[in-house]
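Undergrad: Sequence:
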Amino acid sequence: MTRGYTITIMGKLSVFLFVLSFYPIVNAGSGSHSLWALATYISGETPFPEFTVVLMLDDVQVTYYDSNDKQYVYRGQNIKEKTEDDEAKDEAHIYGDIYHSMKDRSFELKHHFNLTEGVQVQQRWTGCEMMDNGEPGLAMFKNIFNGISEDYAMYYNTTHVTYNAGKILLGWDWKMQAYNINKFENYYLPICIKHLKTLLKREKNIVMRKVPPRLRLIKKEVSGGFQVSCLAFGFYPRHINLTLLRDGQPVAEQELTGGEVLPSGDGTYQLRKSLEVSTEELKKRHNYTCTASHLSLDNKLDVSWESGAERVHLSTLSVLLMMLLILILLVIFICVKRRWSNTASQMKLANFDAKVSEEMNLSSDSET
1 MTRGYTITIM
11 GKLSVFLFVL
21 SFYPIVNAGS
31 GSHSLWALAT
41 YISGETPFPE
51 FTVVLMLDDV
61 QVTYYDSNDK
71 QYVYRGQNIK
81 EKTEDDEAKD
91 EAHIYGDIYH
101 SMKDRSFELK
111 HHFNLTEGVQ
121 VQQRWTGCEM
131 MDNGEPGLAM
141 FKNIFNGISE
151 DYAMYYNTTH
161 VTYNAGKILL
171 GWDWKMQAYN
181 INKFENYYLP
191 ICIKHLKTLL
201 KREKNIVMRK
211 VPPRLRLIKK
221 EVSGGFQVSC
231 LAFGFYPRHI
241 NLTLLRDGQP
251 VAEQELTGGE
261 VLPSGDGTYQ
271 LRKSLEVSTE
281 ELKKRHNYTC
291 TASHLSLDNK
301 LDVSWESGAE
311 RVHLSTLSVL
321 LMMLLILILL
331 VIFICVKRRW
341 SNTASQMKLA
351 NFDAKVSEEM
361 NLSSDSET
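Using UniProt numbering, read the sequence shown as starting at 1 and increasing by one per residue.
Take the hints with a grain of salt, since some may be wrong.
Unchecked claim - Pairs of lysine-lysine, DSSO-like flavour, derived with a Cα cap of 30 Å:
#1 LYS283 x LYS219
#2 LYS219 x LYS167
#3 LYS89 x LYS70
#4 LYS103 x LYS220
#5 LYS284 x LYS219
#6 LYS167 x LYS89
#7 LYS167 x LYS110
#8 LYS142 x LYS167
#9 LYS194 x LYS210
#10 LYS142 x LYS70
#11 LYS142 x LYS201
#12 LYS194 x LYS142
#13 LYS219 x LYS197
#14 LYS70 x LYS204
#15 LYS201 x LYS70
#16 LYS194 x LYS103
#17 LYS210 x LYS300
#18 LYS300 x LYS204
#19 LYS201 x LYS89
#20 LYS70 x LYS197
#21 LYS89 x LYS219
#22 LYS103 x LYS70
#23 LYS142 x LYS220
Everything labelled a hint here was simulated from the structure, so no lab data went into it.
The structure presented is a predicted model; accordingly, all values stated were derived computationally and were not measured.
Generate the whole structure from the sequences, applying the supplied hints.
TA: So this is what it looks like as structure tokens:
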């Protein structure tokens, strides 16, 4: 029974997790940082907690909470540091608001879809971003129900608000919009930014570190030509500019494959972009260059390759190897010939000595 619930719930979570994996929720700009709460509310009988929240500082999980244990578990690197009382109170208030609003939303949506039985999953992604000057940047929330996108709101520097009601529920009227904007600007956003600054100070050795990328240009022979790949790896933070140039000009993105920043498993990231180069293109002897810029670098990294050069080098190497082989065979031939000549001379000398000795023996017998 548990396995059936797991499959059902994971199916409803899959769309949300897919969106999260490709959306830049971590620090997307140079020097900016973000704090996001990923909350899940489950209605129905399951072995999972009714309500869970994971708090992410950039790409580092710092807090976990669920309705079973009702405890805020700190999962950052500096776990020994005591959480401030006002910090815990803020989390309790925010998580409480999220829980009640998600529970009400789930009830409303179940009624809307006439879902009287089974397991239903309501999810919310909400948080804020702080620019490198300490000022608020983008802040937003997004709701998803059973894998179906509901509504979302984005706040840009507290000066511009975008709200999309989606196709499930009615949107805010002007009174509700004014109320929500006022509550966000005067309650949620200040708490989010304050909490973000506190966590940044606590986890600065992790999220504010700068690890420079290593860069490789990889050539692989494929059917009909070559595949040229730019690989940047081992870098942190995740934001990087990686460009493939052809004769000094950027290759159009639609010609490339890849381009997704992926975790490497050691706390750093990697990015690969590949281009198929046909046999005809190889004949044009283009020069390909990988160039990367990153927060950890003062200057760009460049790695180059001239198409067709391998064929020239291979031809030259083949000629040199052939000449070396001929030289070796010639030396062997000369050595064998000399050895054969020496052996023949020794045999002639031995035959001559034997003949002389025989004649001397015959002469001695005659005299006797």
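Undergrad: Does each hint hold? Answer for all of them.
TA: Verification of the hints:
1. LYS283 x LYS219: Holds: LYS283 and LYS219 sit about 16 Å apart, inside 30 Å.
2. LYS219 x LYS167: violated, 48 Å
3. LYS89 x LYS70: holds, 13 Å
4. LYS103 x LYS220: Not OK: LYS103 and LYS220 at ~54 Å, beyond 30 Å, violated.
5. LYS284 x LYS219: holds, 17 Å
6. LYS167 x LYS89: Given pair LYS167, LYS89 is violated - Cα atoms ~36 Å apart, limit 30 Å.
7. LYS167 x LYS110: Distance of about 15 Å is within 30 Å: holds.
8. LYS142 x LYS167: Answer holds: LYS142 to LYS167 is near 14 Å, not above 30 Å.
9. LYS194 x LYS210: holds, 24 Å
10. LYS142 x LYS70: holds, 24 Å
11. LYS142 x LYS201: holds, 27 Å
12. LYS194 x LYS142: Status holds; Cα separation ~21 Å.
13. LYS219 x LYS197: Measuring from Cα to Cα gives roughly 44 Å; hence the hint is violated.
14. LYS70 x LYS204: holds, 28 Å
15. LYS201 x LYS70: holds, 26 Å
16. LYS194 x LYS103: Within the cut-off at roughly 27 Å; holds.
17. LYS210 x LYS300: This hinted pair holds, its Cα atoms lying about 15 Å apart.
18. LYS300 x LYS204: Judged against 30 Å, a Cα distance of about 25 Å means the pair holds.
19. LYS201 x LYS89: Within the cut-off at roughly 19 Å; holds.
20. LYS70 x LYS197: holds, 25 Å
21. LYS89 x LYS219: violated, 56 Å
22. LYS103 x LYS70: holds, 17 Å
23. LYS142 x LYS220: With Cα atoms ~42 Å apart, LYS142 and LYS220 exceed 30 Å; violated.
Of the numbered hints given earlier, the model fails hints 2, 4, 6, 13, 21 and 23; all others are met.
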